[in-house]
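K.L.:
Spelled out from the first residue to the last, the chains are:
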Amino acid sequence: MVTLYVLRWAMSEARAVAVVTVSDRSFRGERSDVTGPVVVQWALANGWNVMEQRVVPDEVAQISDALLELCARGLPLVLTAGGTGLGPRDVTPEATRQVIDREVPGIAEVMRRTGAEYTPLAALSRALCGTCRQTLIVNLPGSPKGASQSLASVETLLPHAVDVLRASHFDHG
Amino acid sequence: MVTLYVLRWAMSEARAVAVVTVSDRSFRGERSDVTGPVVVQWALANGWNVMEQRVVPDEVAQISDALLELCARGLPLVLTAGGTGLGPRDVTPEATRQVIDREVPGIAEVMRRTGAEYTPLAALSRALCGTCRQTLIVNLPGSPKGASQSLASVETLLPHAVDVLRASHFDHG
Amino acid sequence: MVTLYVLRWAMSEARAVAVVTVSDRSFRGERSDVTGPVVVQWALANGWNVMEQRVVPDEVAQISDALLELCARGLPLVLTAGGTGLGPRDVTPEATRQVIDREVPGIAEVMRRTGAEYTPLAALSRALCGTCRQTLIVNLPGSPKGASQSLASVETLLPHAVDVLRASHFDHG
Numbered sequence: 001m002v003t004l005y006v007l008r009w010a011m012s013e014a015r016a017v018a019v020v021t022v023s024d025r026s027f028r029g030e031r032s033d034v035t036g037p038v039v040v041q042w043a044l045a046n047g048w049n050v051m052e053q054r055v056v057p058d059e060v061a062q063i064s065d066a067l068l069e070l071c072a073r074g075l076p077l078v079l080t081a082g083g084t085g086l087g088p089r090d091v092t093p094e095a096t097r098q099v100i101d102r103e104v105p106g107i108a109e110v111m112r113r114t115g116a117e118y119t120p121l122a123a124l125s126r127a128l129c130g131t132c133r134q135t136l137i138v139n140l141p142g143s144p145k146g147a148s149q150s151l152a153s154v155e156t157l158l159p160h161a162v163d164v165l166r167a168s169h170f171d172h173g
Numbered sequence: 001m002v003t004l005y006v007l008r009w010a011m012s013e014a015r016a017v018a019v020v021t022v023s024d025r026s027f028r029g030e031r032s033d034v035t036g037p038v039v040v041q042w043a044l045a046n047g048w049n050v051m052e053q054r055v056v057p058d059e060v061a062q063i064s065d066a067l068l069e070l071c072a073r074g075l076p077l078v079l080t081a082g083g084t085g086l087g088p089r090d091v092t093p094e095a096t097r098q099v100i101d102r103e104v105p106g107i108a109e110v111m112r113r114t115g116a117e118y119t120p121l122a123a124l125s126r127a128l129c130g131t132c133r134q135t136l137i138v139n140l141p142g143s144p145k146g147a148s149q150s151l152a153s154v155e156t157l158l159p160h161a162v163d164v165l166r167a168s169h170f171d172h173g
Numbered sequence: 001m002v003t004l005y006v007l008r009w010a011m012s013e014a015r016a017v018a019v020v021t022v023s024d025r026s027f028r029g030e031r032s033d034v035t036g037p038v039v040v041q042w043a044l045a046n047g048w049n050v051m052e053q054r055v056v057p058d059e060v061a062q063i064s065d066a067l068l069e070l071c072a073r074g075l076p077l078v079l080t081a082g083g084t085g086l087g088p089r090d091v092t093p094e095a096t097r098q099v100i101d102r103e104v105p106g107i108a109e110v111m112r113r114t115g116a117e118y119t120p121l122a123a124l125s126r127a128l129c130g131t132c133r134q135t136l137i138v139n140l141p142g143s144p145k146g147a148s149q150s151l152a153s154v155e156t157l158l159p160h161a162v163d164v165l166r167a168s169h170f171d172h173g
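Chains as they are written, first to last, in the numbering used here: chain Y, 1 to 173; chain L, 1 to 173; chain P, 1 to 173.
To be clear, the hints were calculated from the coordinates, so they are not data collected in a lab. Remember, it's a predicted structure, so these values are computed and weren't measured experimentally. Fair warning: there could be bad hints in the mix.
One copy or two, either will do: identical chains are not told apart, so a pair holds if it fits within one copy or between any two.
What the hints assert, rightly or not - In silico SDA-like links for lysine to any residue, alpha-carbon gap of 20 Å or less:
hint, residue 1, residue 2
1, K145, H160
2, K145, V164
3, K145, V34
4, K145, A116
Build the full structure now, drawing on both the sequences and the hints.
P.N.:
Structure below.
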């Protein structure tokens, strides 16, 4: 029984996620955050435990501070939503770049390539994905539809990605 | 009527483009620039106003100087042609990297992926795309065919991209 | 006859390759290197002359030292195998980044995109490709299957890539 509890606790740790919405308007309360809840819903439906959900403005320092804090806590996955486009205030990838120690370009490639099946504008997402210590950070687009399609395209990858990232006992040759 | 003129002027500003051919030989006048005119023709046929066309040699400093000058003028789009391959003198992406403040990887991904339908060698284009202030810079291959195919693959994206880049009134969340 | 010998020598120089396996366990002799020999076999079957094969541990300094030494020798192609994943010790792309002067993103894009036809996990390869002086460096995954599939997806590109990289007589405009 004790073993089972420990296993359950370990599993919940291994599937912990934080969701960070990046939006000036939502941060100022001028617009309700629609995409954050969509991402949370996806997480719950896919076996992830949402440990935290927050909204930050489109500022490099505030985005990277939030990411660093969540990585320092050792969360396996952090999903950001918004700020990945070409708008003058869109700087989520730049903030993410400052925080990651290793880039994982293939995750963003899959999201854009799959998105292109829905709209050619998916190519304009500048989403960046990478690792910060034991945390995988994945940038998602700011629209609910874009975020959902991006998540669907990589949802089979993410559990494996965080498991490999946190493994320390076997050789990844 | 005045409104109409202002609108027309604003539209022409919003669709202004400069074309920069990067080639030692064309710069020295040893070979006529074939690809530059092909890009100009594409621009005219797609509703872009060609504000300037120039030829620079395959030198990082001269390429980046040209790009910085065109960006400082506030042109929404700058298309370069040439210098994206593996030849010893090909440094257009490196010069572009020095100038951009934000990368837009998806545009180059689409150009290479679409190019692969014609020739596997399309993967060797090191084309880089990104923004420098209010300007989108897109590297194109140096061959007329490569440049045309690349442009065709992203021509629906470019108007939207420059519109979003120059927008300052709405939230891109 | 002399011309023929010179031509043969020149051809063998132009298709020289080194294979570097990156693996802590294989370096320590705790596991036999399976992927290195698979890459060597591919090279021999595809007209490449394998000049050297070595195993290095998953350490940025030791990987980049090996790459720099092989590039200094002027080898046209260096293939690495392993260390491209998300495992805590996987740093081959970071070591490669330190060494290359120009990135060739399309080669890694093709390897990941083709790999996705076999397994969605191919997106997690962080393989980086680029040039260091006259040498093309290509990161391959550490599994024999992953390395083979990656090589198959780019084998038609590689001879052309190294030929262009070493050409110094014609304009790549």
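K.L.:
All hints, please: hold or fail.
P.N.:
Hint check:
1. K145 <-> H160: between (24 Å within a copy, 18 Å between copies)
2. K145 <-> V164: between (29 Å within a copy, 18 Å between copies)
3. K145 <-> V34: within (10 Å within a copy, 42 Å between copies)
4. K145 <-> A116: Classified as within; 13 Å inside a copy, 23 Å across copies.
Taken one by one, the earlier hints all hold for this structure without exception.
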